[in-house]
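Visitor: The lines below spell out each chain.
There are 2 protein chains.
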Amino acid sequence: MKILVMGGVAAGMSAAARARRLDEGAEIVVLERSKHVSFANCGLPYHVGGVIKERDNLLLQTPRSLKASLNLDVRVRHEARGIDRQRCTVQVVELDSGREYEESYDKLVLAPGAVPIRPNLSGVDHPRVFVLRNIEDMDLIKGVIDGGARKAVVIGGGYIGVEMAENLRERGLEVDLVEMSDQIIPPLDREMARDLEVHMADHGVTLHMDVAAAGFRDRSGHVTVELTNATFIPADLAILAAGVRPDTTLARMAGLLLGARGGIQVDAHMRTSDPDIYAAGDAVEVVDFVTGQPALIPLAGPANRQGRIVGENICGRDTAYSATQGTAIVKVFDMTGGGTGASEKALERDGRSYRKIYLHPSGHAGYYPGSAQMHIKVLFEPETGKLLGAQVVGYDGVDKRLDVFATAIRAGMTISQLQHLELAYAPPYASAKDPVNMAGFIGDNLLRGDLVLWYAEDFPAKTSDGLILDVRSPHEFELWHIPGAVNIPLGTLRSQLDKIPRDRMVYLYCKVGFRSYLAYRLLRQRGITKLATLAGGSLTFCSVHAAPCQRLTAY
Amino acid sequence: MKILVMGGVAAGMSAAARARRLDEGAEIVVLERSKHVSFANCGLPYHVGGVIKERDNLLLQTPRSLKASLNLDVRVRHEARGIDRQRCTVQVVELDSGREYEESYDKLVLAPGAVPIRPNLSGVDHPRVFVLRNIEDMDLIKGVIDGGARKAVVIGGGYIGVEMAENLRERGLEVDLVEMSDQIIPPLDREMARDLEVHMADHGVTLHMDVAAAGFRDRSGHVTVELTNATFIPADLAILAAGVRPDTTLARMAGLLLGARGGIQVDAHMRTSDPDIYAAGDAVEVVDFVTGQPALIPLAGPANRQGRIVGENICGRDTAYSATQGTAIVKVFDMTGGGTGASEKALERDGRSYRKIYLHPSGHAGYYPGSAQMHIKVLFEPETGKLLGAQVVGYDGVDKRLDVFATAIRAGMTISQLQHLELAYAPPYASAKDPVNMAGFIGDNLLRGDLVLWYAEDFPAKTSDGLILDVRSPHEFELWHIPGAVNIPLGTLRSQLDKIPRDRMVYLYCKVGFRSYLAYRLLRQRGITKLATLAGGSLTFCSVHAAPCQRLTAY
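So the protein lines, in turn, are chains H and S. Residue numbering for the first sequence follows this note's numbering, beginning at 324 and increasing consecutively. Residue numbering for the second sequence follows this note's numbering, beginning at 324 and increasing consecutively.
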């Protein structure tokens with residue numbers, strides 16, 4: 324059997340390696356357009372930033388090492404130009420020599436990945452306007468910085484844009500970040516990105532949101548970035564990180580079916596509409612694990628696993644890829660943020676009903692040094708409590724909680740079941756009631772009717788029918804409070820019950836939602852039933868309203 | 324309703340707080356023998372070590388704060404002396420005044436915790452021989468250290484003993500650790516503790532294993548610890564951390580049933596044999612989640628959750644506690660180790676059949692700074708692949724993987740399902756194929772018969788029938804190899820097939836098991852079928868045999 328793999332990074336190389344392990348006798352040829360295979364593409368921004376010092380550390384394998392260990396015929400700087408599905412051949416160009424040749428296949432694997440979107444703007448081809456997709460791109464950007472660049476503009480505030488902005492700051496550049504939506508990291512819900520935005524600004528990144536790049540002008544070899552709001556930013560370089568689209572050129576030319584979202588269509592076995600052609604990675608359309616809808620989710624983890632599954636099926640196994648839940652994470656200076664499963668906006672878009680909670684537990688025991696509060700949001704089904712999605716933003720232990728949520732979602736768990744997870748506790752790592760357990764407690768209370776929540780976005784329109792009652796300390800109240808709120812600290816509430824109205828809604832709140840929950844329980848049992856407590860407390864409120872109150876704090 | 328709670332720390336206070344939130348009208352009295360309630364008992368070693376600087380940070384609540392927030396009647400330095408189950412009263416002594424009184428209850432909660440085992444040895448009551456159970460104990464120990472102690476002996480190498488040894492080293496003391504079994508952290512399997520032991524020694528702790536304390540002699544107010552192997556260690560203080568036993572004194576006096584393991588017997592609702600008396604925390608006997616056997620598992624997380632469940636059931640809810648899986652973790656200087664579910668020795672004890680794998684992935688992408696290899700062991704059912712237990716030891720990201728395994732075990736997942744977990748990946752946090760995914764790949768390969776493993780403990784007896792083949796580089800081979808092994812590096816294996824015997828077993832190995840897996844696949848498909856690859860490679864081999872080869876390494 325002859326297996327021809329187009330694309331030599333995550334998905335393609337996983338397919339080739341898995342095929343070799345299952346079929347020592349197969350002829351396996353890997354074509355890669357760039358100069359490198361199996362390079363660490365997720366590490367590129369960090370070499371630009373000098374965090375990863377050695378460029379060679381990004382080059383995990385070479386054609387020679389892959390020949391030795393896996394007997395693969397890897398050809399870099401070779402590009403496929405067309406597929407003849409009748410004859411089962413691919414037209415290949417050796418890029419350095421221009422030589423063209425035909426390569427046959429029994430099974431073909433398409434793993435072309437995604438290409439950075441280059442918006443059709445004037446000056447977008449300016450030599451100081453870069454994308455970051457491979458080692459060559461990285462070398463170019465690094466060359467400009469090493470040559471003394473002082474100022475950069477990053478277009479796009481998604482994962483790559485934010486990582487680039489951080490790493491350019493690491494190199495001492497002034498950085499402006501431009502994002503056309505109203506938040507950075509658009510896969511997160513808007514309020515969950517807020518702390519990350521404040522943190523980026525604290526680290527000297529100038530944020531321009533709700534605005535797009537309009538064009539690029541040459542300035543004596545440097546570049547001026549023009550925004551759609553008539554802002555002009557003179558810079559030494561600009562990075563386009565405005566998203567990616569699946570590279571479907573060859574698939575389309577070959578007449579393979581594309582999916583509703585524009586990616587290569589594959590079945591559960593990662594097979595395209597041609598039974599001899601498989602596809603994997605950022606170029607394919609997957610099923611969203613939570614919504615069941617077709618989706619484009621370009622992530623390294625799924626790409627690797629899809630490639631492996633391609634290798635298995637080519638070699639006669641029957642392995643299915645189920646769906647992608649979109650678990651993703653980003654480091655933003657000292658903070659970490661990410662999500663797994665569906666976001667609230669994705670559920671809204673789908674018309675799915677859901678409930679949501681917020682909490683702000685600390686990453687580990689507050690009395691042990693180095694901990695900080697995190698901001699957790701969990702989405703679940705109203706009737707069953709089945710988990711739909713979770714987002715976590717904070718300092719320590721964020722990645723851990725994301726992975727626990729990701730595992731629980733994959734297992735089909737309910738929010739109530741999170742109460743009973745038995746997670747590893749010692750003071751340097753967690754709390755006896757882990758943040759994930761706490762999410763379970765709160766969600767279960769909500770489902771059982773032990774508490775009624777109100778949400779920051781209810782203010783001011785929906786809360787105007789009642790009293791906003793702040794149960795924090797007078798000192799906290801003085802520093803900041805929700806406009807119009809009155810203050811009765813929790814500790815004095817039992818002696819001031821006469822001050823609580825019974826004829827209209829009482830909207831309780833505190834800093835994170837715990838004291839107001841205690842207040843809720845005591846008032847309700849004293850016969851006060853028009854009552855709700857603010858989900859996530861003032862911390863979530865301030866994220867939703869961009870209010871100038873406290874942010875997440877370290878202990 | 325009047326609820327009387329005996330014990331004011333984890334389980335007791337959780338029960339009281341939950342009861343209050345569900346029943347604002349109940350009278351709730353909490354009796355605590357020590358001077359403090361709700362203190363951070365897991366933080367005590369770290370205040371001794373000066374890591375937690377402020378003693379007050381350990382005192383999370385006071386009777387006054389609990390009165391204000393939860394309207395609890397908390398009485399410290401009050402001890403229950405007896406229970407009259409007919410009359411539903413408890414005999415109480417106010418320890419400071421000696422005053423005795425009777426307190427009635429409608430529902431009684433026993434949360435007395437566990438008491439440190441004080442072996443019946445000569446001199447065990449010496450004033451420089453301490454236990455560490457509460458704030459008062461901590462103050463005494465800290466006083467001796469602040470007074471200039473230079474040398475300490477810790478008796479017991481479990482979680483507390485190891486934490487104490489570390490923290491005494493943090494204060495600059497010379498530390499000897501004495502453990503009667505052949506390893507530290509006995510809940511871990513023997514080979515998994517090895518790297519932690521080497522690491523402790525690297526940090527200056529003298530380890531005495533397979534030996535017990537025999538007695539304590541006074542030496543001008545200081546203490547000399549005598550061991551059973553006729554070692555005498557002069558020291559300024561000794562810490563007894565030789566395990567704990569459930570405090571069942573009152574329960575026994577009151578005629579409540581105890582379980583097979585000696586803890587207070589409770590049903591799934593945490594109710595004792597008296598329907599008006601509940602119990603929770605370290606004093607109760609639980610069901611082991613994996614083995615289904617009765618067990619004593621004194622851990623803070625389960626204690627808190629059990630207390631909460633007691634509160635719910637007292638207030639008319641119907642909430643069950645299922646079982647304890649024993650997830651635990653310990654910081655050992657720069658390392659972390661822990662386990663969840665059953666260990667191999669627990670499965671052996673139970674006569675359960677199982678399969679096991681080892682792996683040594685890095686905590687996050689090897690090319691991103693700060694990562695190191697970890698040692699993972701996973702146990703699962705031979706037929707179904709259902710997860711039974713996991714242990715992880717290493718540097719970065721150990722707690723995260725433990726929690727993912729703990730969640731997967733609780734969800735009833737199989738090892739094969741771990742392949743498909745979609746965990747959060749960016750280079751600072753993980754690899755595109757997370758260590759947990761890797762465990763899934765290896766375990767699935769094993770279950771499918773894609774590889775056959777041999778184990779370090781097979782050497783030398785069981786491996787004497789064949790050839791031990793090292794597929795690492797000649798340089799690695801030269802530094803250390805398994806006695807008797809021959810070296811054919813993976814990259815040259817295809818050209819030296821004639822050197823591989825076909826008439827007897829070939830025992831492959833490399834450093835972690837990946838290269839030998841590739842060698843296995845290629846040899847087997849070339850018709851060599853008497854073949855196995857070493858689980859966990861030379862790293863696991865050296866842990867099992869205490870061989871002087873490489874340890875876990877940082878990149």
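The set of hints was computed from the structure by calculation and includes no laboratory data. Source: prediction; values computed, not measured. There could be a bad hint or two in this list.
Heads up, the list lumps identical chains together, so a pair's fine if it works in one copy or across two of them.
Capping the alpha-carbon separation at 30 Å, the derived lysine-lysine pairs in DSSO-like fashion look like this [to be verified]: (1) Lys822 x Lys465; (2) Lys325 x Lys709; (3) Lys709 x Lys679; (4) Lys390 x Lys709; (5) Lys390 x Lys474; (6) Lys390 x Lys822; (7) Lys822 x Lys325.
Visitor: Now tell me, hint by hint, if it's right for this structure.
Guide: Hint check results:
{"no.": "1", "hint": "Lys822 x Lys465", "in the structure": "neither (65 Å within a copy, 49 Å between copies)"}
{"no.": "2", "hint": "Lys325 x Lys709", "in the structure": "neither (45 Å within a copy, 37 Å between copies)"}
{"no.": "3", "hint": "Lys709 x Lys679", "in the structure": "within (12 Å within a copy, 32 Å between copies)"}
{"no.": "4", "hint": "Lys390 x Lys709", "in the structure": "neither (47 Å within a copy, 37 Å between copies)"}
{"no.": "5", "hint": "Lys390 x Lys474", "in the structure": "neither (43 Å within a copy, 58 Å between copies)"}
{"no.": "6", "hint": "Lys390 x Lys822", "in the structure": "between (80 Å within a copy, 21 Å between copies)"}
{"no.": "7", "hint": "Lys822 x Lys325", "in the structure": "between (81 Å within a copy, 28 Å between copies)"}
In summary, the numbered hints that this structure violates are 1, 2, 4, 5.
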